[in-house]
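A.B. asks: Protein chains in written order, with this note's numbering: chain W, 1 to 159; chain C, 1 to 159; chain R, 1 to 159.
Do not rely on the hints blindly, as some may be mistaken.
Identical chains blur together in the list; that is why a pair holds if it fits in one copy or across any two.
Listed next, the in silico BS3-like pairs over lysine-lysine satisfying Cα-Cα at most 27 Å (straight line) [as the list claims (entries may be wrong)]: (1) Lys129 <-> Lys93; (2) Lys58 <-> Lys40; (3) Lys93 <-> Lys132; (4) Lys129 <-> Lys58; (5) Lys40 <-> Lys129; (6) Lys40 <-> Lys132; (7) Lys93 <-> Lys58; (8) Lys40 <-> Lys56.
Because the hints were derived from the structure by calculation, they are not lab data.
Predicted model only: the values in this text are computed from it and were never measured.
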Amino acid sequence: MTKTVTMAAATAGHAEGSTALNAFDNALLMAGIGNINLIKVSSILPPDVPVIELPKIKPGALIPTAYAAVTSETPGETISAAVGYAVPDDPAKNGVIMEFHGHASREEAEQAIRGMLDEAFRVRGEAMKEMKVFAVTHTVERIGCALAAITLLAEDDLV
Amino acid sequence: MTKTVTMAAATAGHAEGSTALNAFDNALLMAGIGNINLIKVSSILPPDVPVIELPKIKPGALIPTAYAAVTSETPGETISAAVGYAVPDDPAKNGVIMEFHGHASREEAEQAIRGMLDEAFRVRGEAMKEMKVFAVTHTVERIGCALAAITLLAEDDLV
Amino acid sequence: MTKTVTMAAATAGHAEGSTALNAFDNALLMAGIGNINLIKVSSILPPDVPVIELPKIKPGALIPTAYAAVTSETPGETISAAVGYAVPDDPAKNGVIMEFHGHASREEAEQAIRGMLDEAFRVRGEAMKEMKVFAVTHTVERIGCALAAITLLAEDDLV
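Let the hints inform the model, and build the full structure from the sequences given.
C.D. replies: Put into structure tokens, the structure is as follows:
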């Protein structure tokens, strides 16, 4: 859109809820992004955009977000979600964001992200300057959700 | 995004179509939102945003929308979709939107929304000022769709 | 959003990848839209918006896009994705975009789009001035993806 993204912030959360949608809502709240409108994007970090600590975002703001979420209603099951980004040496080039969710351990989720980012840079022919992964795991009690997200923000979105 | 949401409007529709996507398109047309671009959001009513009757929206406008849709190709099946919102006593706080779709009756869909909104307010520790639910049901003839939506609008989006 | 769409561009791509998400990423790269943020829309061509050759888009730009994608991990399988648009005689009215993806041939995908656009215009009571379909097919080696997309663009989005 006409929005100019000037910063990004990664976060993750996991929670139980009495329905799958409430578990998702509760995980978003735990992640600090439960009172904004997520707009799913697929999934590029614009050039020269720093990834910062999650700032305070205006309630109801429309926030382009790359995210992975998994919900399970199987008690005892382990679910994990992860996002990661990598930025290239060349600051004029964009970074890449990858998402993973599934019935997997946290380590498996993190490893999946790293592998996908490696391939994304290999096919782009870019040298990777930095890679970071954010993962969360949840053991389901009744209905659980794990999610990880990278929000794309502009100054206007902040409180 | 940089868009400032100043009003919201709820609607619902159901229809048959010769494909699942046409049934969805036809249900959108019946709901009065078939000639705009829906951008799915997850799903907060910004603070102090009134929910009004669906106004005339510019054709092709990009409209952030919380929606639930269900399509079925099983003749005789009952499908329902619902959305609902609740707003807090404190006008500085955001409201919450919940969606439901499934092989359920209209009453079950409405009840699901109410339960989810109750939990959403309980976990936020907010007192609920008002709750409204919009639901629609459809009995499938050949290929049917039921959908319910809350659009997030700005003055610029209107004809 | 407040964005004013002034042009649209169609594209398609297909690729292998070492994961489903990488195959999708690689197909996006082949289609020339691998370094932007796609925001899925559902799926109207605004009035009087020409569909042009894919221009060079700013890396990381947030681009509303109607798209269809299919991924398969079954070696030997044929997968196809298609998008198409139709515009009405009346330039004040919007066009319609339809998407298809599945385990189908390119011809089946194209035919599905044509049928859906025909119905969309019949139910709207609009005479069709022009219809175009963009399809791609892929025979899976290990993990493959086929995708077709129509991006909705503004001047600001271009390099």
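A.B. asks: If any of the earlier hints don't hold here, list their numbers in rising order.
C.D. replies: Nothing - there is no hint that the structure violates, so all of them hold.
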